[in-house]
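Undergrad: Those protein sequence lines, which keep their order, are chains G and H.
Per my numbering, the first sequence starts with residue -11, numbered consecutively.
Per my numbering, the second sequence starts with residue 638, numbered consecutively.
Hint data in this document are derived by calculation from the structure and do not stem from the laboratory.
Here a beta-carbon is modelled for each residue, glycine too, at the ideal position from N, C-alpha and C.
Warning: the hint list may mix true and false statements.
Not everything, but these chain H residues come out facing chain G in the computed CB check (under 10 Å) [said to hold, decoys possible]:
#1 Val676
#2 His678
#3 Gly680
#4 Val716
If the Cβ cut is set under 7 Å, some of the chain H residues that face chain G in the computed set are [to be verified]:
#5 Tyr683
#6 Glu713
#7 Tyr718
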Amino acid sequence: MATREVQVGQQLAPFVIESVDPEPMKTMAAILQDPNPIHFDPASTQALGMGDKTVNQGPTNVTWLTEFVQRFAGGPDRLVTIKIRFLGNVFSGDRFECTGTVTAVHAEAGTAELEVGATSDGRPALGGTAVIKIRD
Amino acid sequence: MSDYAHLAGHRFPGGTYTLPPWLSWLWADAAKLEPDWAVAHQGLAYLVALRGAGVSIQDIFDLMDATADSGVVFGEFQVDYHGVLRPGATYECEADVVEVERKSGKRAGVFDKFTFQVKVREAGAEGLTLVCTNSWIFPRVEGE
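Isolated chain G (complex conformation) (with noise of 0.2 Å):
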């Protein structure tokens, strides 16, 4: 049974997306059935006073957050638990950044705790902990 190495303090990979794509809100809110315009129709948004850019869906960006885990974790079946809180929107255009750093491990247990959280253009969108396993 091999453990991976995984030491307290380590960052993780980064995971960006340069540029939220207003496109595929589109796909996600018909996928989602949410009729919420916000995130197809920038009129809406700004008649709300939240500006002329749509909002990305949160289930969207915990995809991003939850991608971002699985990578360092090595594969969809590492993830043990993802705690999100969501802290604030992401707008098309922003620059979605997920940071993250190895917080515990349990060798014995073999799993590894992260904390980890997204910014939007700089701003806090996600924050959040997560469990993977680090043993095969």
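For chain G, the structure is supplied; the task is to place chain H on it using the hints.
TA: Just chain H, lined up with the frame of chain G:
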């Protein structure tokens, strides 16, 4: 203001949900990730849990006497994974309200934190595939 703590333990209908392969593919594509016909993205846990719970967003709003204009926002989201999601697989889901807490903050004012949990099991499997716990924030004003 009404207190919604009594909703703890409320059972949603639950049911089954089959994850369409095309939807799994489009989900990854819309997120600018590499779609995989064999393995669904774990980020789909939210959708599988909500569809399998047999409850709509409007149903939850009704339970909490809220409307689309109430300013409801996501609070926290947790998934405990015991396996991977597979395109085309059918999932059996059980869902209930964990708790409703009345809270207040200087910036947020008074709000209810509504937490519900969905247990997801692939049909025919012995163990759970995942457990999804969601908290939504319902702002409250005096007189509600």
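Undergrad: Taking the hints in turn, state whether each one holds.
TA: Hints and how they fare:
1. Taken as an interface hint, Val676(H) checks out: its beta carbon lies about 6 Å from the nearest beta carbon of chain G, inside 10 Å.
2. The criterion of a C-beta within 10 Å of any C-beta in chain G is met by His678(H), whose closest approach is roughly 6 Å, and the hint holds.
3. The restraint placing Gly680(H) at the interface with chain G holds, with a minimum CB-CB distance near 3 Å, inside the 10 Å limit.
4. About 6 Å separates the beta-carbon of Val716(H) from the nearest beta-carbon of chain G, less than 10 Å, and the hint is met.
5. For the restraint placing Tyr683(H) at the interface with chain G, the shortest Cβ-Cβ distance is roughly 5 Å, inside the 7 Å limit, so the hint holds.
6. For Glu713(H), the interface hint holds, the least distance from its beta-carbon to any beta-carbon of chain G being 5 Å, beneath 7 Å.
7. Here the hint on Tyr718(H) is kept, as its CB sits about 5 Å from the closest CB of chain G, short of 7 Å.
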